[in-house]
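Generate coordinates for the entire structure from the input sequences, incorporating the hints supplied.
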Amino acid sequence: MLPLILENLCFSAGEREIIRSISCEITAGTRTIILGPNGAGKSVLMRLCHGLLTPTSGRVTWQEADAARRARAQAMVFQRPIVLRRSVLANVLYALKLAGVAAGERRPRAENVLDAVGMSALADRPARVLSGGEQQRLALARAWALRPEVLFLDEPTANLDPAATRNIEAIIGAIHDSGAKIMMTTHSLGQARRLGDEILFLNAGRLVEQASVDEFFRQPRTPEAAAFLHGELP
Amino acid sequence: MFAFNTHAQHDTITIASTTSTEQSGLFRHVLPVFEKVSGIRVRVLALGTGQALVVGRRGDADVVFVHDKTAEERFVAEGYGVKRFDVMYNDFVLVGPTSDSARVAGGNDIVIAFRNIAQTRSPLVSRGDRSGTHAAELRLWKLAGIDPHSGRGTWYRETGAGMGPTLNTASVMNAYAFADRGTWLSFRNRGDLALLVAGDPRLFNQYGVMLVNPAKHAHVKAASGQAFIAWLLSPAGQQTIASYRIGGEQLFFPNAPH
Amino acid sequence: MNDISQALSAAAQLIVSADTTLVSIIALSIKVSLVAVLIAAAIGLPAGALLAIARFPGRQALVAVLNALMGLPPVVVGLLIYLLLSRAGPLGEFGLLFTPAAMVVAQAVLVTPIVAALTRQVIEDAWFEYEEQLRSLGAGTMDAALTLLWDTRFALVTVLLAGFGRAAAEVGAVMIVGGNIDGVTRVMTTAIALETSKGDLPLALGLGVVLLGIVIGLNLLAHWVKLGAQRYHG
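Protein chains in written order, with the working numbering: chain A, -12 to 221; chain B, 29 to 286; chain C, 2 to 235.
FYI, nobody ran anything at the bench for these hints, they're computed from the structure.
Small disclaimer: the values here were computed from a predicted structure and weren't measured.
A few of these clues could be false.
What the hints assert, rightly or not - Derived CB-CB ranges, DEER-like:
no., chain 1, residue 1, chain 2, residue 2, range
1, C, Ala69, A, Ser107, 48 to 54 Å
2, C, Ala55, A, Ala90, 26 to 32 Å
3, C, Leu39, A, Leu220, 56 to 62 Å
4, C, Ile44, B, Arg102, 41 to 47 Å
Unchecked claim - Under the rule of at most 25 Å between Cα atoms (straight-line distance), these lysine to any residue pairs were calculated in the SDA-like manner:
no., chain 1, residue 1, chain 2, residue 2
5, B, Lys249, C, Lys227
6, B, Lys249, C, Thr100
7, B, Lys64, C, Val24
8, B, Lys111, B, Phe62
9, B, Lys170, B, Gln79
10, C, Lys227, A, Asp111
Said to hold, decoys possible - Here are some, though not all, of the chain B residues that point toward chain C, as calculated from beta-carbon distances under 10 Å:
no., residue
11, Thr40
12, Thr42
13, Thr47
14, Gln51
15, Ala74
16, Arg85
17, Gly87
18, Ala189
19, Gly192
20, Thr194
21, Asn196
22, Thr211
23, Ser214
24, Arg218
25, His247
26, Val248
Even for Gly, the Cβ is constructed at its ideal location relative to N, Cα and C.
What follows is the structure in C-alpha cells.
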C-alpha cells in the first residue's frame, strides 16, 4: 500500500480552490499529523487520500494495483462518529460483513476489538444511546476491527472532554502499535506533539511544510508555520 | 343497519341496480328470501340507471335491474341484454319546501307544477346524472315545453349525484326536487321538505330486469342470473316485493307479465 | 351542535351494540387498508431508498414526479383501475372488479407514491449524515439503502402510518372499484357515504367518529411502540 504518493493534487468545489497542487510522499509506519488553520484544506486532503472525494486534477497513488484491496486496506474515523441504530457489537459486525470477512471470523474479531477498547461490557447496548466519547471509541473499534494498513482520523477528539480525549489517544496509539499507519488531522498542537511523528502543515490549500514533529515545533522553516505555532493564524 | 349474508360456498351473482331500490331497503327485504329458496347469493351494486347499464354493458354484472325503459330497450336491442321484463313500478314525486313559493302543493298535475316552478324561478335541484329518475324528470320538462337548462346556475341546479345527495342538497337549499317515492320515504334528513305533488299517471316509474347477454360476456352466470329473474317474476317473488312497506306504506307494486 | 351530539350518541350506540355488521365492516376496512399498505411498503420503501441514494440522470425529475403522485386524485385512480379490471378491460378475466382485492389494488396505487416519496425524504436526510461513513466502510448503493431503511425504521413507521391513514380514509376510488356491496366490499368510508346519501347524517357522522377513533387508536398504539423502541435504541 505505502508509500502514498500525491502528485500535483488539486481539488475545487465550484469556483473555490480548496487544495492547490499538493505533491508529497507519505511513508509507512509513521504517524502523520495534518496541521493547519481553519479552511486550510486538511479534511479535504484526507478525503482525497481515502477516496471519498475525487481530485479535480493530479493523482493519488497507492502501491496497490487492485482497487478492492486498496479500499479494504484503509479505514476512516470522523469528527462526529456515525454509529448505526443497532447494538455496539452489531456495529462492528456490520463493518466486518461489508469488508467481506468470513462469517465465522466476524464475531471473535469483533469481541476482541471491543475488549481492546474496553467496551466488552457495552457490547449489547444500543450504540445510539452511548455518550459521545463511547461512540467515538466504538467508531475506532469498528475501524480497528478491519485491520487497516492505513487509518485516517479527522479530528477524532474535537467534540470530546479531556478524559475521553486521553482514552481515544491511547486507543490510537494502540492501533498504531498494532501496525497501522496513522493519518490524522487535529486542531490541538498538544495532541500533534503527543501522537505525531511527522507533520504536514497546510495553509490555504497548499502544503507549506512537511517535517518531523521535532523539527516542526522546534524550528519551523516557514513564516506561516511560525505564525501558526504562535497562534497568529485562525 | 346493514344486511349481511352468511351463505358460504354458494353461487354468487352480481346485479347492477339503482340507488332507489337499494336505499329504499327493498333489496334488504327481498334478497334474503330469494337466497334462502335458491341458495344463490346476490351482491348488489347500487348505482344510477345510466351507470348500472354501463356496468352491464362492460360485463361487470350478471343482471341489470333499473328503471328507464327507453334506455333498457336500447340495451337489449344492442345485444347487451337478453330480454327485458317488467318487474314492478312505483312512482315519482315532487318534493319541496313547505313555504312552496311556486304554489304547487296538493296538485296532481306534474306538468303544471313544473311550469309554475319555472315561471316563479323557484330553486329546483336535479340529479343531472343520467339516472332513471333524471331521465324521467327530463321527459316531463319536455312535456311542459320548458328547457330547464336555461335556468342553469340560477334556479335550476344539477348535482350530478345520486338521489340521496340530491335530496340532501335540496333540504339545505330549501329547493324543490324530483324524486322516486322509495328513496323519499326512507330519506331521513328532510328538514323543511315535504311531498307536494304525486298521483299524476305521468309519474309512473316502471322497473325492468334483464340478464346480461352471455353471448357478449361468456363469464356471465346465466343460470343463476336467470333463476333470480324467474323468481322475481314468479308469484312468490312478486308477493315478496308487494309485502315491503315503510311505515305501513307499500313502496313498490309488482306488475310482472303473467 | 345538536347534530354533533346526535352523531356522538350514534357513535356510542354503534360501539356499545358491537353490531356484527359494523364489526365486519370495520374488519374489512382495516384488512383492505393494511394489505394495501403492506404492498405499498414492499414497493415504496426500497424504491424511495434507492431514489434517495442512487445518482442517475433524470433523478430530480423523478423525485418531482413522485412528489406530484402523492396528490393523485382517488377518483381518477379508481376509474383507471375500474377500466383495467372490468370484464371488458385488459385484466377482466381475473374477475377482480367489485371485490376487496380490487379495493386493495386501488389503495395500494394511491398509497405507494406516498410511502415512496416520504421514504425518499427520510432516507435522503439520513444519507446526508451517513454517506461518508458508509462509503468509507465500502457500502454499495444496495447495502446503503438496506442499512438506512433499517436505521430510519422509527421514522418509517410514521411514513407507513401516514399511508395507512390515507388508505383508510379514502372513499372515491374504493367506491368505484369495490361498488360498496353490502357484506362484500362495504367499508367504513363507503358506508358513511351511503348513510349520508340516505340522509341519515347522525349515523353517517357516528360511523365517521368510529373510523376516526380506529385511526387514532392505531396511531397511538404505533406511536407508543415507536417511542418505547426509540427510547431504547436512540
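Against the structure shown, which of the earlier numbered hints fail to hold, in ascending order?
Hint 5 alone not satisfied by this model.
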